[in-house]
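J.: Residue numbers (my numbering), protein chains in the order written: chain A, 1 to 110; chain B, 111 to 298.
Treat the hints as calculated values from the structure; they're not laboratory data.
Do not take every clue at face value.
Stated by the list, open to error - Restricting the straight-line Cα-Cα distance to at most 30 Å, the calculated cross-link-like pairs of lysine-lysine (BS3-like) are: (1) 233/B with 10/A; (2) 284/B with 15/A; (3) 233/B with 197/B; (4) 231/B with 15/A; (5) 284/B with 10/A; (6) 129/B with 42/A; (7) 233/B with 15/A.
Unchecked claim - Just a sample of chain B residues kept apart from chain A, beta carbon distances all over 10 Å, derived: (8) 170; (9) 184; (10) 192; (11) 204; (12) 243; (13) 244.
Fair warning: this is a prediction, and the values are worked out from it, not measured in the lab.
Don't be surprised by glycine CBs; every beta carbon is placed ideally from N, CA and C.
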Amino acid sequence: MQNNHQPLEKDFPDKVLRSVDGIQRAEAPAFLYTRVMAGMAKSGMTRVSWLVKPAFSFAVLALLLLVNLFAFTKFQDKSEPEPAGSGMQYFADEYALTGTVYTAKTKTHE
Amino acid sequence: MNEQEFIAALQKGDDQAFKTLVHTWQDMVFNTVLSIVQDTGEAADIAQEVFIQVYRSVQAFRGDSKLSTWLYRIAVTRAIDAERKRKTRKRLAAVRSWVGLDEKQDNPPYFHHPGVQLDNKEKAAVLFRAMKRLPDMQRAAFVLIKTEGLSYEETAAVLQTSLKAVEALVHRAKDNLRKQLANYYRNT
Numbered sequence: 001m002q003n004n005h006q007p008l009e010k011d012f013p014d015k016v017l018r019s020v021d022g023i024q025r026a027e028a029p030a031f032l033y034t035r036v037m038a039g040m041a042k043s044g045m046t047r048v049s050w051l052v053k054p055a056f057s058f059a060v061l062a063l064l065l066l067v068n069l070f071a072f073t074k075f076q077d078k079s080e081p082e083p084a085g086s087g088m089q090y091f092a093d094e095y096a097l098t099g100t101v102y103t104a105k106t107k108t109h110e
Numbered sequence: 111m112n113e114q115e116f117i118a119a120l121q122k123g124d125d126q127a128f129k130t131l132v133h134t135w136q137d138m139v140f141n142t143v144l145s146i147v148q149d150t151g152e153a154a155d156i157a158q159e160v161f162i163q164v165y166r167s168v169q170a171f172r173g174d175s176k177l178s179t180w181l182y183r184i185a186v187t188r189a190i191d192a193e194r195k196r197k198t199r200k201r202l203a204a205v206r207s208w209v210g211l212d213e214k215q216d217n218p219p220y221f222h223h224p225g226v227q228l229d230n231k232e233k234a235a236v237l238f239r240a241m242k243r244l245p246d247m248q249r250a251a252f253v254l255i256k257t258e259g260l261s262y263e264e265t266a267a268v269l270q271t272s273l274k275a276v277e278a279l280v281h282r283a284k285d286n287l288r289k290q291l292a293n294y295y296r297n298t
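Whenever a hint applies, use it, and build me the whole structure from the sequences.
T.: In structure tokens:
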């Protein structure tokens, strides 16, 4: 560190020992807290909200399945009965359509 | 909020309290670690590990000492552990270069602590290099007193030893440093 052409003083060791007197504290790098949190997340240490915990997700999923199953079995038999007559004729009658209704097989009405 | 309430909040897992802890003590932890390991990048990594360890073990903190004393203790222990690993790697590298497996390692560059006054910069760099050769406990005591400005009593609390032991550690550290610096003086 020192220039060889410049002789060191005899009290060099003591001067060196005193060189850190009045030293200022070094500042931590910016975003250390963010780094700490990232390090904790990486090692799986951060607290996870109960909303995203697997147990809660599975419970919600199971509840949804049960509700759907219940709805399916409950309302299956109560579905509206098929109206009498052929589909096309029923449609024509329902909307008072006049004229010919053609089907694939026969002409049914003039 | 006094210290006991603050510790209680930390133990309850209060995120805001933990954020306050990091922001309040980050410079203290970083400076302590940096003065021991003398590498900015490594010091940042170790400071990060210190706070993660604090988060993990705050439940076990009983308040027997001040929170700052406990933080200093974790920081010093982590930094010294890192230094031991570095020395082991260095010895291994020396052996590998000796048997011809690796190229010979150069001396690391001088470390310049950012808090040193400009006119003391070169002398302080020589001192920090000499500090690297001190035994762990002498180095820890010297760093806490010289770069963190702790009292002998506070240093004794951090190092969990007696006041007389700290006085002896610092005395021996200064003796060892003087010898090294005298050699440096003779060889320059």
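J.: Could you run down the list of hints and mark each one as holding or not?
T.: Going through the hints against the structure:
1. 233/B with 10/A: With Cα atoms ~14 Å apart, residue 233/B and residue 10/A stay inside 30 Å; holds.
2. 284/B with 15/A: Given pair residue 284/B, residue 15/A holds - Cα atoms ~12 Å apart, limit 30 Å.
3. 233/B with 197/B: Distance of about 24 Å is within 30 Å: holds.
4. 231/B with 15/A: Holds, at roughly 12 Å.
5. 284/B with 10/A: Satisfied, since the Cα-Cα distance of roughly 17 Å is no more than 30 Å.
6. 129/B with 42/A: Distance of about 18 Å is within 30 Å: holds.
7. 233/B with 15/A: 8 Å, holds
8. 170: 15 Å, holds
9. 184: 13 Å, holds
10. 192: 15 Å, holds
11. 204: 23 Å, holds
12. 243: Label holds. Min Cβ-Cβ 14 Å, cutoff 10 Å.
13. 244: 12 Å, holds
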